[in-house]
Amino acid sequence: MKDETDRRLEQLFSLARTVQHDTSAMEEHFETRVMARIREQEAKAIPWFALVWRMIPIFAVVAAIAAICNMNFTPLHSEDMFAAIANGQEDYAGSFLTGE
Amino acid sequence: MITLTDESSDDHLVSSALKGDDGAFAQLVTRYKRRVFRLAARFAHDNDELEDLCQEAFIKAYENLSSFRRDAPFEHWLMRITVHVCQDALRSRRRNGNHSTFDGQQFEVRDLSADARHEAQQARDLLAWALARLKPDERLVITLLELEEYSVREIAVMTGWSEANVKVRAHRARQALKKILEQHDER
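First to last, the protein sequences are chains W and G. When the first sequence is numbered by this note's numbering, its final residue is 206 and no position is left out of the sequence of numbers. When the second sequence is numbered by this note's numbering, its final residue is 1031 and no position is left out of the sequence of numbers.
Please note: incorrect hints may appear among the correct ones.
Claimed, not checked - List of simulated lysine-lysine pairs, DSBU-like, C-alpha gap at most 30 Å:
1. G:877 / G:863
2. G:1011 / G:979
3. G:904 / G:877
4. W:150 / G:877
5. W:150 / G:904
6. G:1023 / G:904
7. G:979 / W:150
What the hints assert, rightly or not - Listed next, the stretches of chain W that the computed footprint assigns to chain G, with coverage defined by at least 3 CB atoms under 8 Å from CB atoms of chain G:
8. 109-119
9. 122-129
10. 155-168
For the record, the hints were derived by calculation from the structure and aren't laboratory data. In this text, a Cβ means the ideal position worked out from N, Cα and C, and glycines have one as well.
Model the full structure from these sequences, guided by the hints.
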């Protein structure tokens, strides 16, 4: 049974090899269609500088948020030296200690 | 001195296409479209899909032309792209559960009598039905090996699998195909 199926498979392959899908009609002007599609895709593609230009509002918003956060979370200069050290204001503390 | 042969060589056309000469790429399409159509027709299930597969293969070739290393002929590189495009189509069709094959399409049977032609068509239909029931990779390997008659080494290069892997997959595909045919006969 197995050998018979093998033989049949070989025969099917052999016969199927003689049959080719007739693509001659589809091949006509195929290069024109391919090149048209390539040009269409290229026209749709967005250049990098256009992408950067479109990203400007996002960059502006991020910069604004960073500026607001910086203003809100940076404590005001304290007249108290220990408070200045605790708040990370080493510049002020240094000036205070050196008397500048 | 540049001869006419040099100007029309694949390498020259690839170089020109890379410099922006679309006409050069169109010449490459003209040169290899028949090969691409022939191979893709083994996997497409209708003319629309065949056109799509062939266009996709050439568009991918165009987009990746700069990565063509010229250590192998352009044709081999293009056929590798075509195989990958067909493999993707088979996998996507499998996911969508579509088993249809080329029905009612025009086929060309050369140098055969009417009886032999009818027999060949029947064989093609039965084989197409059975192949559609294989896993995508099995169908790919058995089609390339048995119908397109590529060697194991060529298939390994085209698919990126090792030669041993190609042999194992081909063996499994053959076993699966035999089982499908036996089940078909038992009905």
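Evaluation of the provided hints:
1. In summary, the hint linking residue 877 of chain G to residue 863 of chain G is supported, as the alpha carbons are separated by about 22 Å, within the 30 Å threshold.
2. For the hint linking residue 1011 of chain G to residue 979 of chain G, the alpha-carbon distance of about 16 Å falls within 30 Å, and the restraint holds.
3. Between residue 904 of chain G and residue 877 of chain G the alpha-carbon distance is near 14 Å, which keeps this suggested pair within the 30 Å criterion.
4. A hinted pair counts as satisfied when its Cα atoms are at most 30 Å apart, and residue 150 of chain W with residue 877 of chain G qualifies at roughly 25 Å.
5. Distance check on the hinted pair: residue 150 of chain W and residue 904 of chain G sit about 16 Å apart at the alpha-carbon level, within 30 Å; holds.
6. With a C-alpha separation of about 37 Å, the suggested pair residue 1023 of chain G and residue 904 of chain G falls outside the 30 Å cut-off, and the hint is violated.
7. Distance check on the hinted pair: residue 979 of chain G and residue 150 of chain W sit about 36 Å apart at the alpha-carbon level, beyond 30 Å; violated.
8. Residues of the segment 109-119 of chain W with a Cβ under 8 Å from some Cβ of chain G number 7, which satisfies the need for three, so the listed coverage holds.
9. Only when three residues or more bring their CB closer than 8 Å to a CB of chain G does the claim for the segment 122-129 of chain W stand; here the count is 8, and the claim holds.
10. Coverage of the segment 155-168 of chain W by chain G is violated in this model, with 0 residues showing a Cβ closer than 8 Å to a Cβ of that chain against a need of three.
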